[in-house]
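Number of protein chains: 2
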Amino acid sequence: MKFSCKKEDICAAIGNVSKAVSVKSTITALEGIRIKLSYTVLELTGYDLELGIRSTIEAVSEDCGEFVVNARLFSEITRKMSDEILTFETDEMLNIRITGAVTEYCISAMSAEEYPDLPEVSDEHRFLVPQDQLKSMINQTAHAVSLNENKPVMTGALFDITEDGNFNMVTSDGYRLALRTEHIDTAEVHRFVVPARTLSEVSRLLKEDAKAPCGIYNNFKHIVFELGEITVFSRLLEGDFHNYRASIPPDKRTEVIVRTRELVNCLERCALLINEKNKAPVRCVFENGTVKVSCKTGIGSISDTIPVDLSGDAVTIGFNNKFMLDALRASECDKLRIHLSGGNRVVKIIPPEGDSFVFLVMPVDLKY
Amino acid sequence: MKFSCKKEDICAAIGNVSKAVSVKSTITALEGIRIKLSYTVLELTGYDLELGIRSTIEAVSEDCGEFVVNARLFSEITRKMSDEILTFETDEMLNIRITGAVTEYCISAMSAEEYPDLPEVSDEHRFLVPQDQLKSMINQTAHAVSLNENKPVMTGALFDITEDGNFNMVTSDGYRLALRTEHIDTAEVHRFVVPARTLSEVSRLLKEDAKAPCGIYNNFKHIVFELGEITVFSRLLEGDFHNYRASIPPDKRTEVIVRTRELVNCLERCALLINEKNKAPVRCVFENGTVKVSCKTGIGSISDTIPVDLSGDAVTIGFNNKFMLDALRASECDKLRIHLSGGNRVVKIIPPEGDSFVFLVMPVDLKY
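Quick note, the sequences are listed as chains E and Y, same order.
Using the working numbering, the first residue of the first sequence is number 1196, and each one after it goes up by one.
Using the working numbering, the first residue of the second sequence is number 1196, and each one after it goes up by one.
Be a bit skeptical, because a hint or two may be false.
For identical chains, the list gives no copy identity; a pair is met inside one copy or between any two copies.
List of simulated lysine-lysine pairs, PhoX-like, C-alpha gap at most 20 Å [as the list claims (entries may be wrong)]:
no.: 1; residue 1: 1487; residue 2: 1406
no.: 2; residue 1: 1275; residue 2: 1491
no.: 3; residue 1: 1447; residue 2: 1219
no.: 4; residue 1: 1530; residue 2: 1447
These are calculated hints, taken from the structure and not from any lab test.
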């Protein structure tokens, strides 16, 4: 079996599929990339039984066949070759010879027999989301994913596609919630939960400026994301996702408009005094066109003031500094609206205009 | 005690002295930076009893005094303040209040009583080296420093200033040697060994483009480097340094001129097949205007060829790939001369012209 391809193409494909390769597995083949050749089509696959990534590139060949090769070594070798076209040749002992103009590597491959097949999923109920939009949806909800493995379904993001064509992506760890909504062109209702790790890999593969659509389909056990030559397969999470609609407060007693960067800077200054041993909520007093932020731990104390646009009642509220920082950083907005309903009610963060996202942060009791 | 200074100045000074602060010490004060105020002069010091760095900046004050403050926290707080001028104020309980326009931190300091004094060294026998030159000397010799603590004197660099005004900086770990020479303006003979860690910190503080001189003086136990407002103090290493002159071969049987980048690329490709478990020397055959490089380990094999200018006998030689790579990377030259005297004799690497450095690498027996 012999084929040639562009170094640039194979290096990119290896980079794309490597993230789904097992670092350590009882099935040695899963620590490798499967290379499958069908004449001029070369398919590379990484799959750890949870997540699979497949990428296809062009090759020059008159052969068919497949083998598995150690992902790390194969990636390093192809990257270090100095030639534009690389030639790969396997013998019956599964040794691969990788050659350029003068450099020649010879390494061992594994048989592809042990390599598991990717799940089969029918693309009957497929819907499309622009790549840049999907990337933004994932990035804006990633912060509120639960890390608690006791309730696995909450370690993913709910994809809730409703009858009116709204695609809601939702994450929540019980102390905070992130909801991002986009309108899409589908009449079907879908509801399933995608593991956070899958979404983080999909986000990495999505291009920020690509309006090209990403095709999404599922069979209730698995989901497939189609991104041009790259296809991502993932298990879905089972279980009942938190009823997110009930936790979003419908009204507010105070509305605050704040410059995101100013509040982030202020909370980052508070963060210096907070660590595992020295915990304390950040105290915010919203009144008279300012928010007074303060915090006191075993390390020291800080007080700071920033101007805001405020309408409604004055509010004193405490919250977990990291949760608020995560939400502000995920907002992708220069300004934000913060809705408050009192010192013991959930904080609601929304864009200055529209309703593309809602972030909720639970308040924390202030002891002083 | 109260003073104000530019945020930029104090942040730079904290960054400079922090590298000499103990990460963990039985003397808690050594985990901090000493701040010493004499009216308009603010002196910051980090000192872990081996290495001390002192930096001086301007302040606005009518006070004198000193305190010690946790290096990491102080560094983070000053960096995060958003104001150009910062004001520091201590009370009798050694609380420091750090204020800008609206932000106010309050943290605890420690008394400076426990803080040890830096060594006293007379600057009678002081000599000068341009900063850029000293940086280059340190960078070119760092790779050959011994990591073996059994012979501590070899874990530093010998400063050998001879009667003819040559400043030789020498490092060796027994398998390789680096010698860098510059002519300086002194009639005095000096010979002492500076710890590698000190030199790495001095290199960090030296500016690549600064012709301004660095003053160097010592008292046989300690050395002092003066770099403008920054002064570095360090213990010297005791013991007999390797007699480096005897190990440099005076002649050669083969001279090779090679493009550094090409040989580095080639050896980096070999490096992919070598690790702790899979060791093997790199085999080089110098003949007929080329060097054929090959290597074979449990991971796989490689063969590669690069063109060279060769005069003299053909040579087949093996060496430790990392040692050769370190030397080539430290050369700072586009081309290099390699002098060989046979397959079992030390490899000598020198610049294409002149004799500013000599790197030696011992050969390794080839089993095939």
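Each hint, compared with the structure:
1. Taking the shortest alpha-carbon separations for residue 1487 and residue 1406, neither the intra-copy value of 42 Å nor the inter-copy value of 50 Å comes in at or below 20 Å.
2. With identical chains, the CA atoms of residue 1275 and residue 1491 are at most 20 Å apart between copies only, with a shortest distance of 17 Å across copies and 52 Å within one.
3. Within a single copy, residue 1447 and residue 1219 get their C-alpha atoms no closer than 51 Å, and across copies no closer than 50 Å, so neither meets the 20 Å cut-off.
4. For a Cα distance limit of 20 Å, the shortest separation of residue 1530 from residue 1447 inside one copy, 18 Å, qualifies, whereas the shortest one across copies, 72 Å, does not.
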